[in-house]
Every structure is written in structure tokens, then in C-alpha cells.
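**Q** Each chain is listed here by its residues.
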Amino acid sequence: MNKIFLIIQREYLTRVRKKTFIIMTIVGPILMAALMIAPVIFAKMDQEEHKVIAVVDSSKIFQNVIPETEFLKFEYLEGVSLEQAKATFKSSDFYAVLYIPHIITYAPKSVQLYSNKQPSLGVKMHISNAIEKELERLKLKTYDIKDLDAILKAVKTNISIQTIKWTDDGKEEKTSTEIAMAVGIISGILIYFFIFMYGAQVMRGVIEEKTNRIVEVIVSSVKPFQLMMGKIIGVAMVGLTQFLLWVILTFAIFTVAKSFIQEDSSKIIQSQIQTESVFSSSGLQKGQPVVTDKTEMINDAFSSLKSINFGVMLATFLFYFIGGYLLYASLFGAIGSAVDNEADTQQFMMPVTIPLILAIVMLQSIIQNPEGQLAFWFSIIPFTSPIVMMVRIPFGVPYYEIILSMVLLVLTFIGTTWMAAKIYRTGILMYGKKISYSELWKWLRYRN
Amino acid sequence: MEIFRTENVVKKYANHLALDDISLSVQEGSIFGLLGPNGAGKTTLIRIINQITAPDSGNCFLFGEKLKSDHIYNIGYLPEERGLYKKMKVGEQALYLARLKGLSKKDALIKLKYWFEKFEIQAWWDKKVEELSKGMQQKIQFIVTILHEPKLLIFDEPFSGFDPINTNLLKQEILDLKKKGATIIFSTHNMGSVEELCDSIALINKSRKILDGSIHDIRKTYKSNIFEVKFEGKFNRMEAAMTSLYEIIDVNADAPNHSIKIKLTSDADTNDILRILMPTGRIIAFNEIIPNMNDIFIKIVEETNAQSPNKN
Chain C
51 MNKIFLIIQR EYLTRVRKKT FIIMTIVGPI LMAALMIAPV IFAKMDQEEH
101 KVIAVVDSSK IFQNVIPETE FLKFEYLEGV SLEQAKATFK SSDFYAVLYI
151 PHIITYAPKS VQLYSNKQPS LGVKMHISNA IEKELERLKL KTYDIKDLDA
201 ILKAVKTNIS IQTIKWTDDG KEEKTSTEIA MAVGIISGIL IYFFIFMYGA
251 QVMRGVIEEK TNRIVEVIVS SVKPFQLMMG KIIGVAMVGL TQFLLWVILT
301 FAIFTVAKSF IQEDSSKIIQ SQIQTESVFS SSGLQKGQPV VTDKTEMIND
351 AFSSLKSINF GVMLATFLFY FIGGYLLYAS LFGAIGSAVD NEADTQQFMM
401 PVTIPLILAI VMLQSIIQNP EGQLAFWFSI IPFTSPIVMM VRIPFGVPYY
451 EIILSMVLLV LTFIGTTWMA AKIYRTGILM YGKKISYSEL WKWLRYRN
Chain B
647 MEIFRTENVV KKYANHLALD DISLSVQEGS IFGLLGPNGA GKTTLIRIIN
697 QITAPDSGNC FLFGEKLKSD HIYNIGYLPE ERGLYKKMKV GEQALYLARL
747 KGLSKKDALI KLKYWFEKFE IQAWWDKKVE ELSKGMQQKI QFIVTILHEP
797 KLLIFDEPFS GFDPINTNLL KQEILDLKKK GATIIFSTHN MGSVEELCDS
847 IALINKSRKI LDGSIHDIRK TYKSNIFEVK FEGKFNRMEA AMTSLYEIID
897 VNADAPNHSI KIKLTSDADT NDILRILMPT GRIIAFNEII PNMNDIFIKI
947 VEETNAQSPN KN
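As they're listed, the protein sequences go chains C and B.
Each residue of the first sequence is one higher than the one before, starting from 51 at the first, in the numbering used here.
Each residue of the second sequence is one higher than the one before, starting from 647 at the first, in the numbering used here.
It is worth saying that the hints were derived from the structure and are not from the lab.
Each hint should be verified, as a subset may be incorrect.
[Unchecked claim] Lysine-lysine pairs mimicking DSSO-like chemistry, simulated, CA-CA at most 27 Å apart:
no., chain 1, residue 1, chain 2, residue 2
1, B, Lys757, C, Lys53
2, B, Lys773, C, Lys69
3, B, Lys658, C, Lys472
4, B, Lys759, C, Lys53
5, B, Lys751, C, Lys68
6, B, Lys752, C, Lys53
7, C, Lys68, B, Lys735
It should be emphasised that the depicted structure is a prediction, and the values quoted were computed from it without experimental measurement.
In isolation and in its complexed conformation, chain C is listed as follows:
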């Protein structure tokens, strides 16, 4: 026992002290924080550039109709033909030329936007929304309805469905499918990365010991099983350390960064709200109701975040995190022992990685129907359960299914570890031989 501790210590310390570990630990959270912050910053950067679009409106019905935002302006060119506008485009500062033909009312697809750049989706949507609204309004007008604007305002409704879940004790909780999805997918993908990154580290460690020829020196002092388990546990602790540091650092960076960008981002939300309110009420009414929607939405998000049982979430996450890792790490260790160098691992890696990749590929359909047959089986079968079950848990999974899946995972990793130990024991002392599956099968049956 003392010796396995020595091995764990060595595996842990040599890895944690490596430059790559330190760099990854620092860069990881910066990347993650960047992923969270980047959209806000990009949105900001994108909008900061003033764009002026020249409008050639031969229908003459869209004069000053398209709403302007802080960053997007429209200049209506009167008495200028499309050809002229196109010809002078180069020498002008216009971002694009918008051409609305006179046949617009019966040929809605005839609007054209000329530019020497690919106009952003945002700009395109903005323009087409505005034209649609105006056309709708004009067409309704032809029915000669009294107080049309007032009626339109009165009938305008925004639907957003609230999902409410009954808990086991009959209470009702607001939930959010989107948030359950996000939490599930993030934890599933984290487990996937953890298994791959650190499973591969175990494999590389075993290959290193074998190619350095140090392994025989060590197994004359400790049992091969101790060496293998020591490595697997040591690497797992490196992974947990890194994960913990990431969580702490990401949180720290995010908090600091948030305080810097909070002002800016609230400004952006404000301007978005304004543009939305312009659409929603055709410029007759400013902001107020929409802002309420926004804040309500954020409140909803928080309350449904609360509805996810984070105690269960964390406990199951750690369990599948470690369980999945142990299952795969022992297999990766066995592969490492059977080959002479990393290039030879391919033929054995395939069958081991396929279930993992399958689990990731299936996530899309599992998210669509987290209660379905596919989701059920993938979350019970131990080779995919660590990823798939984590995706299902935020949606609520019956306890017996979780327990069944956990028990199977434990049994399977005991099984794979036992198998791996047998292959490992023979493999580490076997040099210069191309190993086939039938060879591995033989090793499994050796007594010692």
C-alpha cells in the first residue's frame, strides 16, 4: 500500500510540475472565460463600425421607414437610378446599396442589396424585417380598417412557454429546457474531454515506461498491478487538480472581467431593446414593455437554474467523471502495454474510442428526447453512460435508472481493470513484437 502511494506521488508530481500542465492550467480558464465573454465583445465590436446604406427606392414607399440604430444608418437617394448608385459606389463611403424595385408589393423577392463585402446576417435581417413590417402594414391599410394602428398594437402578443416540473413531493418548479440542455451538454462534454485527455496520458505513461525499459526495474520491486493502478490514480488526481484549478480560475477571471464589461454589455442590451421596441410597436411606443420581458426572462433563467438539483448534479458528475475515467484509463493502459510505440496504438484505439465518439454524436438526438429509448440505453451501457447520463440528469432521471447505470459502470470498470491488468502484466515485458488481437486473447488466459 505504501508503495502504491509512492507511485501515485511520483506520477502526480512529475505531471503537475511539467510546464505544459502549468500552461494548460492558466490558458484553459482564459479560453473558457474568453468563450463566455467573446460574444459580448464581438457584438460590441461589430456594432461600433458605423454603416451607412444607400437606399434606392423606386417604389417610393419606404422613405424613412427602415428604423436606424446607433450603428446602422440609411440614406435615401432621391432621383438616383440604381445604375448611377452602383457607378458611384466605389467613390462613396456607403457600406451597401439597397435597391427596392417598384414591383415590390407583388414581387417580395426582388429586393437587392449590393455591396463589395458580404453583408452580415444582422444587417440583412434588420432590413428584411423592416420591409416586411411596412408591407404588411400597407397591405392591411388597403382593407380600410378604422384605428388600424391602435388595433395592431392591441392584438400584438408575445408568446413564451414556461415549463413547470412537478417534483416528487408534489411541488411545482419552474424549469428551462434550454438551461437543462446547456448544463447537461457542458457536463457531458467535460467528461468526454477528461476521459480522452487523461486516458491518453495514462497510455503515454505506460508506453514511456516500456520504451525507456524502466519497467522491469520497477516490477522487480512492485507488482505490475500496483504500478498500473498507481499510474491511473496519479493521473486522475492530476486531472481533478486541473479541473478544480480551472473552475476556480475561470470563476475568478469571469468575475473580474464581468465587472469591466458590465457597463458596456448593459448598454448593448439597452440598444437591442430599443431596436426591438421599434419593431414591436412600429415606432409608436418606446421600450417599456419589452424591457420588462427581458428582465423577466433573466429572472426566469435564474429560477430555473435553481430548479436543477445541483447537489445531485455535482455528486453524479464526480461519480461519472471518475467512473468513466477509470473504465477507459485501464483500457488505455492495457493498449499502452501491448505496443512498442505510440504509432502502433491505432488498431487498438479504434474500438475503445468508438463508444465515446458515438456518445458525443448521439447527444443531439438524446437532447431532443431525453426520456427516449436511445437515451435510456446509452445512459445504461457503461461505455457511453458517463457522457449520456450526465446530459440526461438535468432533465430529471428516475433514481433507479441512475443507480442501475452506476452499478453497471462500477462492475464494468472492475472487469476492464482486471482484464487490463492481465494484458498489462504480460505486455510491459514484451518487446519488439507486433501484437495482434489473438495474441492479446492469449495473454488474458495466462495464469501469471
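With chain C held as given, fit chain B onto it using these hints.
**A** Coordinates of chain B only, in the frame set by chain C:
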């Protein structure tokens, strides 16, 4: 006194018999040569002694007790396939390997200090292993093998990778260890060093033990009554005198010293030869040719191979 023995050890791999009924006995304080061509089963036997693998049948005894896991603290093993963690520092690594052999951190440090000073390699302590030459790494490995002062040492091709100077240093260390009371099992293909170091040997070929005993006895057994005479004088007269009486094996007529090898019948008296030769010239040397271990090794291995050519 016997320190280690194996009794009828058999080890099988899927369709290959690695060791077939091997029984050996190693005397305490001796150097025991474990010889045999490549693939004979030496490494398998050594791995069994180190409990890296277990025999299918038969037993091993250390200090008269059946081999058990605690015994690894009394064994030091320098494998033929040996290496170190390349990225680890020398001192740290030596300490780690010593502690795996059951030494406390404190004891290990004291002992490592002693050996590093003795080999004058203190400066390497904080270097990474990859910065050292192969010979330097071998020195570290040697130190780690003997650091816990095991009663039984197993060296598998210990001299491979050493230059002649370091080989000599290592030989001295091995003899020193023997003097201090350690028993050494020594596996090598270098028959010169076997003659130089070993007290007794066992020869394994094709999974079977085909010869064992003390070096002295073995060489005596395999001598074939061949004598060599060196002399100055007329070669023709000498040759004529010998040809009529003895079987001549080999002659070397190059001046100034001629030599001739003759085979005696078992009842011949060596003094007669001298008497016959004395009048013909000046005798410089007269000695019996005792076969060296290299010749014996080749002879026996080829004989057994001829007997069972299709085994394995």
C-alpha cells in the same frame, strides 16, 4: 552454505516451453554464472526469481524458505533491458527507486550520498537523466540495484554499455560485494568475464539445464589431454621425434619460437615427452591446454542442438 535453489521449475507460455524442469543451487557468498544462448530461458528464470512471473510448477527457495513477496527486499536486480525515466532528475529518481525497494527516505539519502561520492558523481544529482551518457546511466542503475544491500544480487548482462575502464570498475565492485558476503547470480554471454568472476555456473539451452558445477571442475572434465610445447631449435628434428610417438594436433613452425600441440593417450607420462624432446632443442614452455569456457559453451550447445534439432 546454500542461499538459493530452484526445484523442478517449469514455465510454459501458450505453445512454448520456456523452462523445463530446472533445478539449481547457489552457494552463499559465491558468484554463480547463469549461461545459455539467446532464448534459452535465462531471462524467464531470472524473472521467476524476482517474482515478476510465477512458475507453472516447481518451487524456489531463498534462505531455505519458499519464495515470498517480502523476499524482494533481499534481492537486487539489474535487468538486461534497463532504463530510467528520461525526464526525471537523477537524485529524485534514485531516491524513488530506492524507496520502492523498501528503504526509508532518510536511509536512502545517506546511502545514495555514500555511493555518489564513491563514484564521484555528486554533480549529477540535479541533472535530468536524458542529459547523461548511456554509461553514466548504467552507473546510476548499478547504484540503485545494490543500494538496499541485498543478500542476493542478479546481474543480467551487467557490462553491456560500459567502456573498458568502467567495466573494470564494475568488476571490482562486484568482487567487493562478494567479499562483503553478497551472493551474485550473473548472466552473460561474455565467457571471458565468466572465467574471471564466477565460482560456478549452470548452462541452459533450449529450456533445459545441460550442465552445472564449479568452473574448475567443468574445465577439468572437458580437457582432452592436449599439451603444447614451445621450443627453440631445428623444427624438423623436433617434429620427426614427435610424429612417431604422439598424435600431433597443430604445429606452428614460425621462427624463432616453434610450437607444437600434441594429444596424449590417457596413460602417457608427460615426463617422457620432455625426455624425448630435450636432446632436440631448447624447451621454453610446456603446458596442458585446458579448454576455456567459450569452447566448452560452444561445444555443449552444439552437441545438444544436434541431439534435438527440432525442439521449439
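**Q** Which hint numbers doesn't this structure obey?
**A** The structure breaks none of the hints.
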